[in-house]
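Peer 1: Next come the chains, spelled out residue by residue.
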Amino acid sequence: MSVLPTTKIYEGTRIPHPVPTILEVDPEKHRLEDILQVNFGPNHPSTHGVLRLVVDLDGETVAGIRAVIGYLHTGFEKNMEHKSWWKSVTYAPRIDYVSFHANELLYVLAIEKLLGIEVPRRATWARMALAELNRIHSHLVWLGTSALELGAISLFWYCFDDRDDILDLFEMAGGTRMHTRYVQVGGIAEDLPPEFTSEARKFCDSMPKSVDEYEAILDRNAIWLERTVGVGLLSADDALALAQSGPMLRSTGVDWDLRRDMPYLAYDEVEFDVPVYGGGDVYDRYRVHMDEMRESVRIVRQCLDRLDEMDGEPWIADDRKVVLPPRHELHTSMESLIHHFKIVTEGFTVPEGEVYVAIESPRGENGCYLVSDGGARPWRVKFRAPSFAALQATATIVQGLLIADLIAAGGSLDPVMGDADR
Amino acid sequence: MSYADVPGLVENRESFGETTLVVDPARLVEACTVLRDDHGFNFLSDIAAADYLGWGEEDVAGYIGNASGRDINEPGSRGLARVPDPKPERFSVSYHLLRVNDDPARVRVQIWLDDGESVASVLPVWPAADWFEREAFDMMGIRFEGHENLVRILMPEDWEGHPLRKDYPLGGEPVRFSDED
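Going down the list, the protein sequences come from chains A and B. Residue numbers for the first sequence, in the working numbering: -1 to 420. Residue numbers for the second sequence, in the working numbering: 435 to 615.
To be clear, the hints were calculated from the coordinates, so they are not data collected in a lab.
Below, a list of computed lysine to any residue pairs in the SDA-like style, where the Cα atoms sit at most 25 Å apart: (1) K319/A x H337/A; (2) K319/A x F450/B; (3) K76/A x P597/B.
Using the sequences and the hints, build the whole thing.
Peer 2: Structure follows, in structure tokens:
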């Protein structure tokens, strides 16, 4: 089976010219004196962040659009350059605060690639289990807020109820509900608590039923179908040209998932399907999200089985130049105390070089470009934010839509503004 | 995979299992077009610019201690394992390409520029370059010729300076409502 689809959603390209992210008002289709320019945001309630859309309206039709971002720019990359490697890990989850674990994992994977350190398998499977739980968490937030914007208020509460169960699991593992900083260079910060797998199994049993219930609410809901089917069209060629990834890309018929096509962690050892739909509209993006939640539960189950088998195995690499020594050794071993002191005060050094590591975050290709000069701090950190890339498609997908559908189409891009602005 | 047919190829480097193609900035668009059309790199993952001002020197960001080793008068300092290799110019711009098909692959196209030099925009090759180039301009001050809308994207429009440059201090922004007002 081929990765690229053979059918086309629409002929040709709809990417605006000459600037792909700015849709100019076409004077042949609209009378310029009828155009009303409206600012959506930066504090519009539907943006769930600070995104500004400058919309040119002809009546209720969107004739032109331009997305303006940067309102949440906090200079993460600059700050990370000024912290030692292991302190800067703390910044990564805060960039995309909805898929916090994915960012943290990505950054640590990039450091580990530079270090060439081998990670124990228990840590790898724990990271994977949490990564998939985080994916469900992120999709639940997307589903809840998207449905909320289109008027299905009750779904928001259901989704956030399930999301809470996931955060409970993260709290059990890492001690905090979000921004856990549980992923540590060389493994994970502490072993998973003994009750984690049984609690996570309970969640795995309840989650597929919840997904069924969400679909029961939405799938035969005339309003939901009316608002999503055929809205916000994007073809496969345009999606690739605009570097769309994740559910955005898979809703256009491109059968592409980094977990399967360029595996990292132990994704080549688990069984899962990649949901692909070919409609390229908001409804198909919703379908991809729903199916991915089911697939993620499947992966979590396999991870939990493996974690039970590996009970008692090391969860972090035994490399004293990089990894903090076990706490109990600090009382008896001078050597361990010195290593602990050195790592905490100066940090460990990372070999000179540059790497680009990419993982499939809930929003698509999340990449991290790292440059090290061989010192204790990163020389350059650059994140390839999937939300940043997704927002580039705004001007392509909203052409000719009504202003109410703009909310549905914009929400389907699943942008997290912290991720886009960094 | 041979990249010998890429126009303007200066260096083909393998490190950490990644391929880096250093190309002549003047022939960047040609090289990218060949990579897209003949090598199938249909997806531009990212454009990442890096500033190497003060690379391997003392007292710059990301660097503790001096290159020759521990400074005995500075207890917190520590030498590097070795002095890092010098870089050809001050700025690097790395284009991370991805091949989305049955034979997936990644490659990094890299160009080197000095301060004030500009490079042609790859927007005609991959429309996705639009915001990536705007970000590189905003953060590093790299100019992309032929980009129709090369304005700031993350910082306010009237901002001065390019924050991710190494000579731009951390915490260097003016503070409003300070005592001096």
